[in-house]
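Enquirer: Take the sequence shown: its letters are residues 1 to 183, numbered as in UniProt numbering.
Warning: the hint list may mix true and false statements.
[To be verified] Derived DEER-like restraints, expressed as beta-carbon distance ranges: (1) Arg121 with Ser33: 54 to 64 Å; (2) Asp112 with Glu162: 17 to 27 Å; (3) Ser33 with Leu164: 46 to 56 Å; (4) Asp101 with Arg50: 46 to 56 Å; (5) Gln127 with Glu162: 14 to 24 Å; (6) Gly148 with Arg100: 27 to 37 Å; (7) Ala81 with Leu164: 49 to 59 Å; (8) Ala105 with Arg54: 36 to 46 Å; (9) Asp130 with Trp60: 44 to 54 Å; (10) Pro176 with Ala52: 14 to 24 Å; (11) Gly63 with Ala131: 39 to 49 Å.
By construction, these hints were calculated from the structure, which means they are not laboratory data.
In this text, all values refer to a predicted model and were calculated from it rather than measured experimentally.
Here a beta-carbon is modelled for each residue, glycine too, at the ideal position from N, C-alpha and C.
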Amino acid sequence: MNSTMDSEPPTLDDGDVPAAGAPAPDEPEAVSSLRERLLRALADAENARRRAERARNEGWKAGVAELTGRLIPGLDGLDLAVRVEPPDNEGGQAFARAVRDGVRAARRELLDALEKIGVERLDPLGQPFDAAAHEAVATRADATAPPGHVLEVLQAGYRLPERLIRPARVVVSAAPRDAPGPS
């Protein structure tokens, strides 16, 4: 018979083999490193998504601002046409009223369209002058209005929620020259 078959198999000490399911000694560092890399990659992806969203929003706002800037002169012309009073003769008056009513309707449609895309019309009559939203083109002494308030709006301003497209062009009240100064 063979003498090797009668011998017992070699045995291992308990310290030589890790217990079943136990991590290898350097595995926690590898798992921790992978976890950190995964979290960093997820954060980078989220930041990239946010940057892309901001860029898309800014591009949209710039497009709306450019479109609005192109529409505003037409609105200004409609504003002037609406202010025209019809002539005194009856035939002319009926025609002029019809034209004015049509212009008013077209103007209203344009203003509604701008409002639907988020453009606000600035009509600051009677409000305190605000250099961030108004452009003072003249001052006029007026005893009925407090100094520094808008007396007349020459051209309305327009803005998006976070961007001024055009300031309102206004006449601002000044203290009357004969008014007593501060004592």
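Enquirer: Between aspartate 112 and glutamate 162, does the beta-carbon spacing fit 17 to 27 Å?
Expert: holds (22 Å)
Enquirer: In this structure, is the beta-carbon distance linking glycine 63 and alanine 131 contained in 39 to 49 Å?
Expert: violated (27 Å)
Enquirer: Can you tell me whether the CB distance of aspartate 101 to arginine 50 sits inside 46 to 56 Å?
Expert: holds (49 Å)
Enquirer: Given a hinted range of 27 to 37 Å, is it respected by the beta-carbon distance of glycine 148 and arginine 100?
Expert: holds (34 Å)
Enquirer: Please test the hint of 46 to 56 Å on the beta carbon pair from serine 33 and leucine 164.
Expert: holds (50 Å)
Enquirer: Should the hint that alanine 105 and arginine 54 are 36 to 46 Å apart at their CB atoms be regarded as holding?
Expert: holds (39 Å)
Enquirer: Please test the hint of 14 to 24 Å on the beta carbon pair from glutamine 127 and glutamate 162.
Expert: Given a distance of about 20 Å, which is inside 14 to 24 Å, the answer is holds.
Enquirer: CB of alanine 81 to CB of leucine 164, is that within 49 to 59 Å?
Expert: Cβ of alanine 81 to Cβ of leucine 164: about 26 Å, so the range 49 to 59 Å is violated.
Enquirer: Taking the Cβ atom of proline 176 and the Cβ atom of alanine 52, is their distance within the range 14 to 24 Å?
Expert: Roughly 57 Å apart at Cβ, these two residues miss the hinted range, so it is violated.
Enquirer: Could you say whether the range 54 to 64 Å given as a hint is met by the Cβ separation of arginine 121 and serine 33?
Expert: holds (58 Å)
Enquirer: When you take the CB atoms of aspartate 130 and tryptophan 60, is the distance between them in 44 to 54 Å?
Expert: Since the Cβ atoms of aspartate 130 and tryptophan 60 sit about 26 Å apart, the hinted range of 44 to 54 Å is violated.
Comparing the model with each numbered hint stated earlier shows that hints 7, 9, 10, 11 do not hold.
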